[in-house]
Amino acid sequence: MTKVFVPLDMAAKAMGADKVAAAIAKEAQARGQSVQIVRNGSRGLLWLESLVEVETPQGRIAYGNVTAKDVASLFDSGFLGGAPHKLSVGKVEDHPFWKRQHRVTFKRCGITDPLSLSDYESLGGGVGLAKAFAMSPAEAVAEVTKSGLRGRGGAGFPTGIKWKTVADTPADRRYVVVNADEGDSGTFADRMIMEGDPFALIEGMIIAGYAVNASKGYVYLRSEYPQTAVVFGRAIEILREAGWLGPKVRGSNFAFDVELRIGAGAYVCGEETALIESLEGKRGVPRIRPPFPVTHGYLGRPTSVNNVETLALATLVAAHGGETFTKIGTPQSTGTKLLSISGDCAEPGVYEFPFGVTFAEVLAACGAERPKAVQHGGAAGITIAEREFGRRVAFEDAPTAGAFMVFGQGRDMFEVARNFVRFFAHESCGFCTPCRIGTTLLRDLMQKLEAGHGSPLDLAEIERLNHLLQATSHCGLGQAAANPVLDGMRKFRPAFDARMLHKEFQPAFSLDAALGRARQMTGRDDALAHLTEDRA
Amino acid sequence: MSKAFLLDGASVPFEDGETVLAAARKAGHFIPHLCWDERFPPHGSCKLCVVKIDGRQVSACATPARDGLVVQSATEEIMDERRELITMLFTEGNHFCPCCEKSGNCQLQALAYDLEILAPRHNRFFPERPVDASHPDILLDFNRCIFCELCIRASRDVDKKNVFALGGRGINKHLVVNAETERLVDTNIDKDDLAANICPVGVILHKRHGFAVPIGERIYDKEPISALDLAAAAEEHS
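So the sequences go chain by chain: A and B. Quick note: to get the numbering used here, add 3 to the position in the first sequence (first position is 1). Quick note: to get the numbering used here, add 2 to the position in the second sequence (first position is 1).
Treat the hints with care, as some may be off.
[Claimed, not checked] Computed footprint of chain B on chain A, listed as stretches where at least three residues anywhere in the stretch have a Cβ under 8 Å from a Cβ of chain B: (1) 427-435; (2) 442-453.
[As the list claims (entries may be wrong)] Listed below are the simulated DSS-like cross-link pairs for lysine-lysine, each with C-alpha atoms no more than 30 Å apart in a straight line: (3) 375(A) - 285(A); (4) 94(A) - 134(A); (5) 451(A) - 163(B); (6) 89(A) - 22(A); (7) 110(A) - 134(A); (8) 162(B) - 193(B); (9) 72(A) - 94(A); (10) 285(A) - 224(B); (11) 285(A) - 162(B); (12) 451(A) - 494(A); (13) 193(B) - 285(A); (14) 94(A) - 167(A); (15) 6(A) - 149(A); (16) 175(B) - 54(B); (17) 285(A) - 175(B).
Keep in mind the hints are simulated off the structure, nothing from the lab. Cβ atoms here follow ideal geometry from the backbone N, Cα and C, with glycine treated the same way.
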């Protein structure tokens, strides 16, 4: 029986992995060959999906970009024995993609069957929880503090301090909430963990629950990830049946259970207080802070809101100790960071690097030729220009939630900024005046520039709006809404100047055309009924 | 010695639990506001009460007063921001003051006058917002809504009727009536409910009372809103 791995990850399914798996099963049966198809997670080499691997005595041999119609020829060339084929990739571990990274969060992702608990345990799963249970909750918190682990959602708040505050706040109940509303443009790493190694996140949640003395954890998942909901929902059931979740977690006296909640498609619900409001069944609107969720969170109780990646890493911290964790990364940014790399590069996918890696190194790793810019950290992040490629991905230099969008020489950075501004106008929740109206005004101004009606006065107006958004918005969405435009104007000024067809103020519409209706109604169409350039 | 903070250089005493806005108002210092009402917990959405504390701008209505705080409010920068916010509200909705029944009694209009806003700076959005005249006593003209949510809060928390709610998001956010038909007549709202009498602008109007008081003799025709707000505060605390 030969094991054949076909990912069930959404990125692979989108490329026809389900059809590939069915074709392999059918072909094997027709040829009388015995195969066991394992639906693994993705290994992150998204440009090679569907990536099919075959287990051989020499190791797992991979074939990339496999479609259903390649299956017969793969059998013909003997791929079940790992024989060469035009789609051969070799061993993933020998691929440059793999060698340039430091994959610890993704230790199991793509290698195991995500819903096999024995697979999970055979590759280190459960060790962190066992070690945490051997400690007191306070010691578990101290270990995370010692590791220097900081929130992977972008803000970088120290996880140990967050847990300690939740644990120390007097309350009848406490909660662990996972922010799996991975809504930033160009991020897909959390999804890969939840589809490829869901037990790791649940184990992290149990450890967090134990550390802060919470017996209930919620996962707030974005509605755009239906496949994730299926896999993760099943993972929760499996762990309940196995006694990892329930009134006596793994035979201990600690009770913990996990519930999956699906959002309704609002970007703002990635903001932790809006997320909590939504979790409570209300409109997704950010709360007034303080108080913060660590003291007044879900249902007014102390709540630790953590990112998916953070909790997966907490499992590793518990397993290997805080000290070990500090040996990766930089002193202020310990550990690794998952980067969702997309855009103008040869090898887009999900990468894991130690913090401190430079943009140049990441760009080389993903095969970006002559990149012009990187949008770092999604729409609310920063635009990194070529001259900044020596900067480092780290909280102390260029922090990120994980989106890494590469823009090649052919891209118009004005259009990039305009697109992000449209995104913010669309995603503003509308609670506060400056963001609700300001993002729309900004969008309209960029539209005016795009239509060729721009003048320097409009750039001044953009600066004005930006100041107002940054100073008075209720939450980070509004505060960040003008970032892409400001970065664009500062770093890619020629792209904006190219839109400045007029030196003087121009209205956003044609004055003469606006008189058309009046001319029609009065029946006049003589020269004096028209506004010319000199008489406008 | 009682506790105090500094507001634009003036000492403002406060009691524990009071916000910057409430304490300032009590002490005779006006900080503009639209969504704040002393009968409800702070909302913090209109952002007109924005002040600067330690270099950061916060809503005065939602910021607890603390001893020794240094608060800036009437600076050129912040007054400019408030003007811009008011201008934005005029840009967003359909505000035709000259023919609005609420003209002279409208807080948005009064604040605009008080802040010396003379003309809008942006292309107006002119949204389509049909009126709801279904109710025998109350007319809803959504064109003037500024989303302070006071009617929603009053109906939910005081009247216990939950007549109003919000729909949509961002610039498409809109006030809705909580009924299958989305018509006011199909709710149990009454003209004496707090929700029917709390609108700071001209959305919720009582029928058959139009122009009972002539223009020129209305609330803010006589005195600016800043003076009247402080007078009201003095009365509340006397």
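These are the hints, each one checked on the structure:
{"no.": "1", "hint": "427-435", "result": "holds (count 8)"}
{"no.": "2", "hint": "442-453", "result": "holds (count 4)"}
{"no.": "3", "hint": "375(A) - 285(A)", "result": "violated, 42 Å"}
{"no.": "4", "hint": "94(A) - 134(A)", "result": "violated, 33 Å"}
{"no.": "5", "hint": "451(A) - 163(B)", "result": "violated, 45 Å"}
{"no.": "6", "hint": "89(A) - 22(A)", "result": "holds, 20 Å"}
{"no.": "7", "hint": "110(A) - 134(A)", "result": "holds, 19 Å"}
{"no.": "8", "hint": "162(B) - 193(B)", "result": "holds, 14 Å"}
{"no.": "9", "hint": "72(A) - 94(A)", "result": "holds, 23 Å"}
{"no.": "10", "hint": "285(A) - 224(B)", "result": "violated, 42 Å"}
{"no.": "11", "hint": "285(A) - 162(B)", "result": "holds, 18 Å"}
{"no.": "12", "hint": "451(A) - 494(A)", "result": "holds, 21 Å"}
{"no.": "13", "hint": "193(B) - 285(A)", "result": "holds, 28 Å"}
{"no.": "14", "hint": "94(A) - 167(A)", "result": "violated, 43 Å"}
{"no.": "15", "hint": "6(A) - 149(A)", "result": "violated, 41 Å"}
{"no.": "16", "hint": "175(B) - 54(B)", "result": "holds, 28 Å"}
{"no.": "17", "hint": "285(A) - 175(B)", "result": "holds, 15 Å"}
Violated hints, in rising order: 3, 4, 5, 10, 14, 15; the structure is consistent with all others.
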